[in-house]
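Could you put the whole structure together from the sequences, leaning on the hints where they help?
Residue numbers (our numbering), protein chains in the order written: chain A, -14 to 176; chain B, 3 to 98.
It is possible that part of the hints are untrue.
[Stated by the list, open to error] List time: in silico EDC-like cross-link candidates among lysine to aspartate or glutamate, alpha-carbon distance up to 16 Å: (1) B:Lys91 - A:Glu(-4); (2) A:Lys66 - B:Asp30; (3) A:Lys78 - A:Asp11; (4) B:Lys36 - A:Asp11; (5) B:Lys35 - A:Asp11; (6) A:Lys78 - B:Asp27; (7) B:Lys36 - A:Glu3.
[Said to hold, decoys possible] Every beta carbon over 12 Å from chain A, so not counted as near; a handful from chain B, in silico: (8) Lys62; (9) Pro77; (10) Glu81; (11) Ser95.
None of these hints come from the bench; they were simulated from the model.
Note that the coordinates shown come from a computational prediction; the quantities given were computed from them, not determined experimentally.
Just so you know, even glycine gets a beta-carbon here, dropped at the ideal spot from N, CA and C.
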Amino acid sequence: MEQNKELTASESLALISETLNNSRKDILRGSAKYFMLWGALLTATSLVIYLLWHLTGKPQWNFLWFAMPAIGYPLAALMGKYNKAMPQNEVSKMLSGVWRVFGAFAITLSAIAIFLVPMHVTLIIVIIMGLAECMSGVLLKNWPIIICGFLLGVGGAVFAMLVKGDAQLLIFTLGGALLLVTGSIMKLQYK
Amino acid sequence: MFPKLDPLLHSELRLAVMSILAGVDEADFTYLKKQTGATSGNLSVQIDKLTAAGYITVEKGFKGKMPRTTCRITPAGQEAFKQYVEALKEYLSASK
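Encoded structure:
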């Protein structure tokens, strides 16, 4: 890029628009890998717990859920370290905020349900997860993600009420798969 | 009468740097270099000019053991960028 190149008015506007667009795509493509990381972790964790619970008949395997943030947050931090040059824009900050809030609610409510007040934690988490997915779709202006989030929240709530025991965990396997799909859509959308 | 185009922004590389910084909180030198495709020397010179005009701020520091130069657009820079875009639009609408 030449510093002294004379630009016409239309060339200047085209340059501004192209630069802003490229930067936006770059940043959101960078966010996609966090969706894929958490999607893969959620799918794997829910399947492992489902299988262990199903095979042994012990619901205590649910304590393994706490391994997910213990593995996920350091991995996400490591990914951020290798990606240190990537700036943040308003959309990537809001996406990160939505999922951090979801994580805080999910971990706190799970801990309360286990140690203090028993509650239907699968129902609550699947609803707020669907909501977070919907919000992500709204921020990204992407209808497939909005619809996936809505179906996960509403369908997941119905599933959680109808199905009992270890089979309930499969809704989180689907949730994890949806996060992987969201990450893939973002990679394609911002190619 | 058309508004005068800000000569500081009417340069390809400086305009690209300002366009990137207008859309993000902050960006480091490596990112700006990658996005603009400019050489380090050329980019440094243009960043110095934008800093001298008060359009951006530059912070030199370290992230871990690696040196890091972070650039941010200032409110004056945001305003100048906005006025520049408005002026461009006026030029274009008059030429139609």
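Comparing the hints with the structure gives:
no., hint, verdict
1, B:Lys91 - A:Glu(-4), "holds, 12 Å"
2, A:Lys66 - B:Asp30, "holds, 14 Å"
3, A:Lys78 - A:Asp11, "holds, 14 Å"
4, B:Lys36 - A:Asp11, "holds, 11 Å"
5, B:Lys35 - A:Asp11, "holds, 14 Å"
6, A:Lys78 - B:Asp27, "holds, 10 Å"
7, B:Lys36 - A:Glu3, "holds, 15 Å"
8, Lys62, "holds, 15 Å"
9, Pro77, "holds, 17 Å"
10, Glu81, "holds, 15 Å"
11, Ser95, "violated, 10 Å"
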